[in-house]
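Trainee: Chain by chain, the residues run as shown.
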Amino acid sequence: MDAKIIEFTGLLRENGLRVSIAEHLDALRAVACLGCRDRELFKSTLRATMVKRAVDLPVYDELFDLYFSGLGQAIRQSATALMGALQLGEAEFQALMDRLAEVLDELGITLSELAQALLQHDAGRLEKLLRQAARASGVERIQRAFQEGRYSHSTAQHLGLGALSEELQQLRSQIGHASLSQEEAQALQQFVDRRLQDLNDLIKHAVRLEVEKHDQLLRERRHLTNLAEKSFYYLSEEEIRRMKEAVAKLAQRLKNVVVIRRRKAKRGKFDVKDTLRKNLQYGGVPFRIQFDRRVRDKPQVVILCDVSDSVRNVSRFMLQFVYSLQDLYSRVRSFIFVSELGEITQLFKESEISDAIDQALTGSVINVFAHSDFGRTFRQFHRDYLAAVSKKTTVIVLGDARNNYNVPQEWVLRDIRLRAKQVIWLNPESRPTWGFGDSEMDRYQPFCDVVEECRNLNQLYRVIDRLVS
Amino acid sequence: MFESVDDVIARLAAQKYICSRRIGTVVYLAVHLEKPILIEGPAGVGKTELAKVLAGALGLDLIRLQCYEGLDEAKALYEWEYAKQLLYTQILKDKITEIVGGAVSLKEAVDRIAREDDVFFSDRFILPRPLLRSIRSPQRTVLLIDEIDKADTEFEAFLLEVLSDFTVSVPELGTLRAKHIPIVILTSNNAREMSDALKRRCLHLYIDFPPAAQELEIVRLKVPGISEALAGQVVDAVQRLRKLDLKKAPSISETLDWAKTLTLLNVERLDETVVNDTLSTILKYEGDIRKGHEELKAYIEKRKATAGSGVADEKEFLH
Numbered sequence: 000m001d002a003k004i005i006e007f008t009g010l011l012r013e014n015g016l017r018v019s020i021a022e023h024l025d026a027l028r029a030v031a032c033l034g035c036r037d038r039e040l041f042k043s044t045l046r047a048t049m050v051k052r053a054v055d056l057p058v059y060d061e062l063f064d065l066y067f068s069g070l071g072q073a074i075r076q077s078a079t080a081l082m083g084a085l086q087l088g089e090a091e092f093q094a095l096m097d098r099l100a101e102v103l104d105e106l107g108i109t110l111s112e113l114a115q116a117l118l119q120h121d122a123g124r125l126e127k128l129l130r131q132a133a134r135a136s137g138v139e140r141i142q143r144a145f146q147e148g149r150y151s152h153s154t155a156q157h158l159g160l161g162a163l164s165e166e167l168q169q170l171r172s173q174i175g176h177a178s179l180s181q182e183e184a185q186a187l188q189q190f191v192d193r194r195l196q197d198l199n200d201l202i203k204h205a206v207r208l209e210v211e212k213h214d215q216l217l218r219e220r221r222h223l224t225n226l227a228e229k230s231f232y233y234l235s236e237e238e239i240r241r242m243k244e245a246v247a248k249l250a251q252r253l254k255n256v257v258v259i260r261r262r263k264a265k266r267g268k269f270d271v272k273d274t275l276r277k278n279l280q281y282g283g284v285p286f287r288i289q290f291d292r293r294v295r296d297k298p299q300v301v302i303l304c305d306v307s308d309s310v311r312n313v314s315r316f317m318l319q320f321v322y323s324l325q326d327l328y329s330r331v332r333s334f335i336f337v338s339e340l341g342e343i344t345q346l347f348k349e350s351e352i353s354d355a356i357d358q359a360l361t362g363s364v365i366n367v368f369a370h371s372d373f374g375r376t377f378r379q380f381h382r383d384y385l386a387a388v389s390k391k392t393t394v395i396v397l398g399d400a401r402n403n404y405n406v407p408q409e410w411v412l413r414d415i416r417l418r419a420k421q422v423i424w425l426n427p428e429s430r431p432t433w434g435f436g437d438s439e440m441d442r443y444q445p446f447c448d449v450v451e452e453c454r455n456l457n458q459l460y461r462v463i464d465r466l467v468s
Numbered sequence: 000m001f002e003s004v005d006d007v008i009a010r011l012a013a014q015k016y017i018c019s020r021r022i023g024t025v026v027y028l029a030v031h032l033e034k035p036i037l038i039e040g041p042a043g044v045g046k047t048e049l050a051k052v053l054a055g056a057l058g059l060d061l062i063r064l065q066c067y068e069g070l071d072e073a074k075a076l077y078e079w080e081y082a083k084q085l086l087y088t089q090i091l092k093d094k095i096t097e098i099v100g101g102a103v104s105l106k107e108a109v110d111r112i113a114r115e116d117d118v119f120f121s122d123r124f125i126l127p128r129p130l131l132r133s134i135r136s137p138q139r140t141v142l143l144i145d146e147i148d149k150a151d152t153e154f155e156a157f158l159l160e161v162l163s164d165f166t167v168s169v170p171e172l173g174t175l176r177a178k179h180i181p182i183v184i185l186t187s188n189n190a191r192e193m194s195d196a197l198k199r200r201c202l203h204l205y206i207d208f209p210p211a212a213q214e215l216e217i218v219r220l221k222v223p224g225i226s227e228a229l230a231g232q233v234v235d236a237v238q239r240l241r242k243l244d245l246k247k248a249p250s251i252s253e254t255l256d257w258a259k260t261l262t263l264l265n266v267e268r269l270d271e272t273v274v275n276d277t278l279s280t281i282l283k284y285e286g287d288i289r290k291g292h293e294e295l296k297a298y299i300e301k302r303k304a305t306a307g308s309g310v311a312d313e314k315e316f317l318h
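Chain order of the listed sequences is A and B.
First residue of the first sequence: 0, per numbering that gives the first Met the number 0; consecutive thereafter.
First residue of the second sequence: 0, per numbering that gives the first Met the number 0; consecutive thereafter.
In case anyone wonders, no lab produced these hints; they're calculated from the structure.
Built from N, CA and C at the ideal position, the CB exists for glycine as well.
Don't take every hint at face value.
PhoX-like, lysine-lysine: derived pairs with alpha carbons at most 25 Å apart [to be verified]: (1) K303/B to K259/B; (2) K254/A to K246/B; (3) K254/A to K198/B; (4) K283/B to K348/A; (5) K94/B to K106/B; (6) K259/B to K243/A; (7) K247/B to K149/B; (8) K283/B to K247/B; (9) K178/B to K243/A; (10) K74/B to K348/A; (11) K283/B to K254/A; (12) K242/B to K243/A; (13) K277/A to K106/B; (14) K297/A to K348/A; (15) K198/B to K348/A; (16) K277/A to K247/B; (17) K297/A to K149/B; (18) K198/B to K3/A; (19) K290/B to K243/A; (20) K254/A to K149/B; (21) K283/B to K296/B; (22) K247/B to K348/A; (23) K42/A to K198/B; (24) K178/B to K51/B.
Here are the simulated distance ranges between beta carbons [what the hints assert, rightly or not]: (25) L86/B to Q289/A: 20 to 30 Å; (26) Q280/A to I98/B: 19 to 29 Å; (27) F290/A to D270/B: 16 to 26 Å; (28) K296/B to G434/A: 55 to 65 Å; (29) A113/B to A21/A: 37 to 47 Å; (30) A9/B to K348/A: 20 to 30 Å.
Here are some, though not all, of the chain A residues that point toward chain B, as calculated from beta-carbon distances under 7 Å [to be verified]: (31) T44; (32) A53; (33) K272; (34) R276; (35) F286.
Using the sequences and the hints, build the whole thing.
Mentor: Printed below as a string of structure tokens:
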């Protein structure tokens, strides 16, 4: 059993669960303590000792079922199927196998281990042999489903299928020559034939199980990491949904980090007055030293998000990010624009994040089907909302600066920059394309403190990280 | 101690705590392997309660350490009682003068004082906090470290030392080894991910909201006066609410609160007015209440429809 647990641990590790040696030893000790008779108990024993993250639980459950019952179950099923095919009940089936053993005894034949396991329906032994053969054939290196055939073949070789079928062939003829009634001999021969066929299927099944084990669970993880690097331009509906979750998680992580960072930064200089007062209880002897608490300003943010077709996804995640981090800022005002400007701060306060974003992006605030006009938008901002920008404000503009050859009005950006703490421009287009065609990036760039390319989640995360700290 | 997993479940049940086999297994292992348990899960599923009933079931003392931001060793482990030390030096001034009395040089005086300083750094002046208390306790204890996720990461690192070998070093006294290794239970609400080092040292237990049947059993056990029909409806309703996208899903403790409220009000079955008046016991946000209300309205109407169609159902309600 220990060997099996060791192998299972290896499997867990391969699928991205971190199981340390100490945990592994714990698992072995725990199993020694509780035994492995009760399957459910065994499962929770291994889970408690080796799986420490809630996110890993589903992966563990699946792997456990695959590893600890996949093959065994298949073997039992094949026997049941055979019973059905031969139209025998369980007792009759057993009687048939007993009869076969008797005949073998009479004929003085000793079968090989494999043949015995197969013909006596010894599921445990058969499973072990199959597993050994599968491992010997290096099946864990399998990568694609179409390699199944090759590995099945190699597994069969390692199992000694050729020798087995010869052995069984011989057995058949011996049964034929033995002094048995015609009927009985036929039944036995049929049984032997069927079992040989079953073994073929089982080999295939064993290999397929391996493929599933190594492939299916990794896929999920790979998908998530890829998502963070994937350009916002090419997201499918499903990916947007998943991205939303990823953003929520990232936001939570960022929040934790920032809270710790801020707390550490809070400790300032030695505070004489406070120290004296705190130590009065010790007769004025300074046992406890008190420090100043520096108060750091939380950033105020004004966001202008382009929501024209080309950049809508970035805006979505940007807004989701910022609003998930609401309490890290002292004040956030957000605007969306295409050819006109609309404020959505209130909308976000009143409804839930995802609802609000959907509403904003489907045109209930401004017309989202117009052509982008940055110049006009900026002028409108200058006229109506310039007061929102103060010395503490960070202004973020999110857009591709594709102005459809309208007047760029870059002087507005200059004015904003004079009033604001900083102006950050995030462009979801890749850098080499800036300034070509109707992109006015080159004109706007001089009036921004920071200009960043922001094409995927990782880049967005970095920008926001810099913003809050 | 416990004889088997079933024994764990039975004895916890005797303390009015109903748990699944999974929980029982982990508790059994923790007691036998002397390993801490790290319990994670949503708020209000009985994480802290498990520690309490475990102490009750084993007849051990429960020592609780509530974690919070800024919790440090002095609050968790031990502290010297400065004020008491000062007071003693003040009162014993004469005695001290006497000891130092014959000294000719300053060095000699200091030496003489130094000879006596272990008087002031002895058990008498140490103020044991939960961790030290549980380590020095003459019998085995259950140590509950509650909401470890609220504590700082530095504190977590410090805990590692204590949890791995159950020794504490006090510079003035030397190393204190636990006489009996306590049963340690850490709970976390997932405000942040615990470090791998900590997780490695613990058995991990994830408690989620229980399935309907188990929750019904809990309600029956904890709210003795409740009628069968009402208990079923309450659990049904709560289970439905949990499926909604709520800011805060109703916990088991809130289910119990609700059930108690309803029995207090002598409610026989859920209807719209009752739900209206009492929903605030299980849902704590305005938006949630609105959503929950709609969901339950649909649920009650559906119930009514099925109840109206068959007499058998009506009968079930009556008793």
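Trainee: State for each hint whether it applies.
Mentor: For each hint, the structure was consulted:
no.: 1; hint: K303/B to K259/B; result: 23 Å, holds
no.: 2; hint: K254/A to K246/B; result: 18 Å, holds
no.: 3; hint: K254/A to K198/B; result: 22 Å, holds
no.: 4; hint: K283/B to K348/A; result: 18 Å, holds
no.: 5; hint: K94/B to K106/B; result: 19 Å, holds
no.: 6; hint: K259/B to K243/A; result: 39 Å, violated
no.: 7; hint: K247/B to K149/B; result: 19 Å, holds
no.: 8; hint: K283/B to K247/B; result: 7 Å, holds
no.: 9; hint: K178/B to K243/A; result: 51 Å, violated
no.: 10; hint: K74/B to K348/A; result: 40 Å, violated
no.: 11; hint: K283/B to K254/A; result: 24 Å, holds
no.: 12; hint: K242/B to K243/A; result: 19 Å, holds
no.: 13; hint: K277/A to K106/B; result: 33 Å, violated
no.: 14; hint: K297/A to K348/A; result: 19 Å, holds
no.: 15; hint: K198/B to K348/A; result: 38 Å, violated
no.: 16; hint: K277/A to K247/B; result: 40 Å, violated
no.: 17; hint: K297/A to K149/B; result: 22 Å, holds
no.: 18; hint: K198/B to K3/A; result: 24 Å, holds
no.: 19; hint: K290/B to K243/A; result: 22 Å, holds
no.: 20; hint: K254/A to K149/B; result: 14 Å, holds
no.: 21; hint: K283/B to K296/B; result: 18 Å, holds
no.: 22; hint: K247/B to K348/A; result: 18 Å, holds
no.: 23; hint: K42/A to K198/B; result: 19 Å, holds
no.: 24; hint: K178/B to K51/B; result: 22 Å, holds
no.: 25; hint: L86/B to Q289/A: 20 to 30 Å; result: 23 Å, holds
no.: 26; hint: Q280/A to I98/B: 19 to 29 Å; result: 27 Å, holds
no.: 27; hint: F290/A to D270/B: 16 to 26 Å; result: 59 Å, violated
no.: 28; hint: K296/B to G434/A: 55 to 65 Å; result: 58 Å, holds
no.: 29; hint: A113/B to A21/A: 37 to 47 Å; result: 44 Å, holds
no.: 30; hint: A9/B to K348/A: 20 to 30 Å; result: 52 Å, violated
no.: 31; hint: T44; result: 6 Å, holds
no.: 32; hint: A53; result: 5 Å, holds
no.: 33; hint: K272; result: 20 Å, violated
no.: 34; hint: R276; result: 15 Å, violated
no.: 35; hint: F286; result: 5 Å, holds
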